[in-house]
Amino acid sequence: MSASTSGTSAPAAASRKSLKAFSEDVWKNKTAKINAELFTLTYGSIVSQLCTDYERDFTRVNNQLYSMGYNIGVRLIEDFLARTALPRCDSLAKTSEVISKCAFKVFLNVTPQIGNWSSNKDSFSIFLEENPLSDFVELPMDAARELWYSNIVCGVLKGALEMVQMDCDVWFVSDVLKGDQLTEVRVKLNRILKDEIPAGED
Amino acid sequence: MDPNGAPEMTEHQKIQVQFQLFQESLPKVDETVYRMLLNESIPLAIDVEKRLSQKLDSLPTEDPVLESLDKEVHSKLVLNPLKGNVRSNKLLQHYLTADIDYQAKVKLRLSKIGFSLGEKLSELLIFSNNPNFNFKDMDLLTVMKFLCRDVWRQLFGKQIDNLKTNHRGTFYLLDYNYKPVESFALEENMSKQEQTLLEPYLEIPCGVIQGVLASLGFRKESEVSCNASIVEVPESRTTSQRMNSWAVSFNVQVVPASDS
Amino acid sequence: MAIQTILVINKSGGLVYQRDFSASAPRLSSNEYLVLAGTLQGVVAIASQITPKSLQITRKTGSKSGSDANHSSQLVPYVGALGSSAVPAQELGSFMGPDYFNEAFTSWNTTGLKHVTTDQNSLFLYQTLTGVKFVAVSSQSATSTMAVSIAENLLRKAYCLYVDYVMKNPFYEPEMPIKCELFDKRLGELVAQL
Chain A
1 MSASTSGTSA PAAASRKSLK AFSEDVWKNK TAKINAELFT LTYGSIVSQL CTDYERDFTR
61 VNNQLYSMGY NIGVRLIEDF LARTALPRCD SLAKTSEVIS KCAFKVFLNV TPQIGNWSSN
121 KDSFSIFLEE NPLSDFVELP MDAARELWYS NIVCGVLKGA LEMVQMDCDV WFVSDVLKGD
181 QLTEVRVKLN RILKDEIPAG ED
Chain B
1 MDPNGAPEMT EHQKIQVQFQ LFQESLPKVD ETVYRMLLNE SIPLAIDVEK RLSQKLDSLP
61 TEDPVLESLD KEVHSKLVLN PLKGNVRSNK LLQHYLTADI DYQAKVKLRL SKIGFSLGEK
121 LSELLIFSNN PNFNFKDMDL LTVMKFLCRD VWRQLFGKQI DNLKTNHRGT FYLLDYNYKP
181 VESFALEENM SKQEQTLLEP YLEIPCGVIQ GVLASLGFRK ESEVSCNASI VEVPESRTTS
241 QRMNSWAVSF NVQVVPASDS
Chain C
1 MAIQTILVIN KSGGLVYQRD FSASAPRLSS NEYLVLAGTL QGVVAIASQI TPKSLQITRK
61 TGSKSGSDAN HSSQLVPYVG ALGSSAVPAQ ELGSFMGPDY FNEAFTSWNT TGLKHVTTDQ
121 NSLFLYQTLT GVKFVAVSSQ SATSTMAVSI AENLLRKAYC LYVDYVMKNP FYEPEMPIKC
181 ELFDKRLGEL VAQL
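These protein sequence lines are chains A, B and C, in that order. Residue numbers for the first sequence follow our numbering, so the first one is 1 and each next one is one higher. Residue numbers for the second sequence follow our numbering, so the first one is 1 and each next one is one higher. Residue numbers for the third sequence follow our numbering, so the first one is 1 and each next one is one higher.
In short, the hints are calculated from the structure, not lab data. Errors might be hidden in some of the hints.
[Claimed, not checked] Partial list, computed: chain C residues near chain B (C-beta under 8 Å):
id : residue
1  : 21
2  : 33
3  : 164
4  : 168
5  : 169
6  : 172
7  : 173
[Claimed, not checked] 25 Å max Cα-Cα, derived DSS-like pairs, lysine-lysine:
id : chain 1 : residue 1 : chain 2 : residue 2
8  : C       : 179       : B       : 179
9  : B       : 14        : A       : 33
10 : B       : 192       : A       : 33
11 : A       : 30        : B       : 179
12 : A       : 28        : B       : 179
13 : B       : 158       : C       : 185
14 : B       : 90        : C       : 11
15 : A       : 30        : A       : 94
16 : B       : 105       : B       : 90
17 : A       : 33        : B       : 158
18 : C       : 179       : B       : 192
19 : C       : 179       : B       : 90
20 : C       : 179       : C       : 11
21 : A       : 30        : C       : 185
22 : C       : 185       : B       : 179
23 : B       : 192       : C       : 185
24 : B       : 179       : A       : 33
25 : A       : 188       : A       : 178
26 : B       : 158       : A       : 30
27 : C       : 11        : A       : 94
28 : B       : 14        : B       : 90
29 : A       : 28        : B       : 158
30 : B       : 179       : B       : 164
Note that the structure is a prediction, hence the values are computed from the model and not measured. The beta carbon of each residue, even a glycine, is placed where N, CA and C say it ideally should be.
Bound-form chain A, shown alone:
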């Protein structure tokens, strides 16, 4: 009986593609698409219903959106991994790159900027210049102060990253809907869940 851990030979350099070109290709040729406006409207209906249900207690709405996102994230990550078969990221920088250039591109067709790295490189910001969730949205006065309209994004990221063994905090720093200059999502890596990493990787 022989057990092997060897892989196939190294690939031809030509078959390598940059992450950006790869995502572009996936988006163009392998993705079933729907109208972004429909997506925006659907999300809007959900949020407004939540605001009614919680009698405009926006903290609860934020939480509810977050946990909805979490439940989506833990499933969406599998979808993402199965289709793209990307290797594990060896640094948080790489992770951020995959999130912006690949995940956001493939699912929402936007490529947010990454920046604002902390000095010890354990947290970064995602700047959503375009946000398909909140196109054409204007928050009513009372909501503008407390509601994080797109809070579902944080939940999705949280859930997805947790499934690839990264315990992160994800939260909104600012949102153009609230009159801020930028829409900024902050991701902070607390720890890598070492025990959870499937063996076979280092």
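Knowing the structure of chain A, use the given hints to seat chains B and C on it.
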């Protein structure tokens, strides 16, 4: 429906193609996230109901000792548990055990989400110069056809498979391959439990239908009703493709306003 | 290559799915399958432990020099014949077409167990980043790289099916045994194409 001859049809087709191109040129997002968003609203609605009802009767019904033990075990098993976060499949189980009143509230919530979506959706479709829609002959049947064709295609990428009517305001919209539940593991002959679980997944489109009708003038609640049920499909229908032996039937009742 | 059995093992080493595809498949009791799953889980862990450190280091240094997504890893060549045309182009998930991917994909697994071969059988293993493992048992002794890459392609497609029909089924409880008719059916179709 179109009384014109063949050359007119090609003109009509041309417009259709143009419209299609226009639709394709609009910004897009991935279908998966949309479907997930749509389907996740069901657990969401259950969760909201759960949290709201907890607030009312704050007395814990379960044995407090057991519960605290449960929580302790939970906090050890689950990494960084989100405060009050419940996995969606658990929520669905919760729904199953809840009473009818509770279930009705969840469904109403979903239907409301659908309603506000429907209202906006018809605007989106009409004001995009949709050639399939004409304000001049806006009778009920045309509206229903618009629902079956354009609204459904927008929502689920397919049309309603069969539209039946008694021409007196009752319509049956049959969908043989209802997309949102396409990937669910359901038995050929659904158990009662599965049927119950499926019900909330039919509520959003019900709301959408009502919303679209409302935005087109069929507004009064007493005049319009819509409910969905699961019906068996006649054998001949199932042969064409991979199809379920059941279909979703959206039953729309519109009581015409007494002419005033 | 005749696939006899496909197993799915969750991230903690529990068997969540087992299905035989041929009459000649070895008859194991469910208990034995559970043991097999647990053993594989352990072997995967050990395989990565005994991988010579030098190998890992070259991989690591290689990965630092480039920014390409696929730079540091090997590619599994795309095997065209697999999973094509039998299923009509349709609605599966977000990625269109019967073939979910039509190019070589990156195999990031450089130190874990990939296959086990005896004179009469081989066993292939594909592990996902979330820790789910897909295992195929074949009735042939297959050692060629071709066979391995076919198996990796197959198992990755099985992963795609898992995503579509198990993860997207809201009633499925994560980590628990899979009882999904559609998953069964699609997996059967996939294996039948081989």
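**Request:** Report the numbers of all earlier hints that the structure fails to satisfy, in ascending order.
**Result:** Numbers 1, 2, 10, 28 - these are the hints that the structure violates, sorted from lowest upward.
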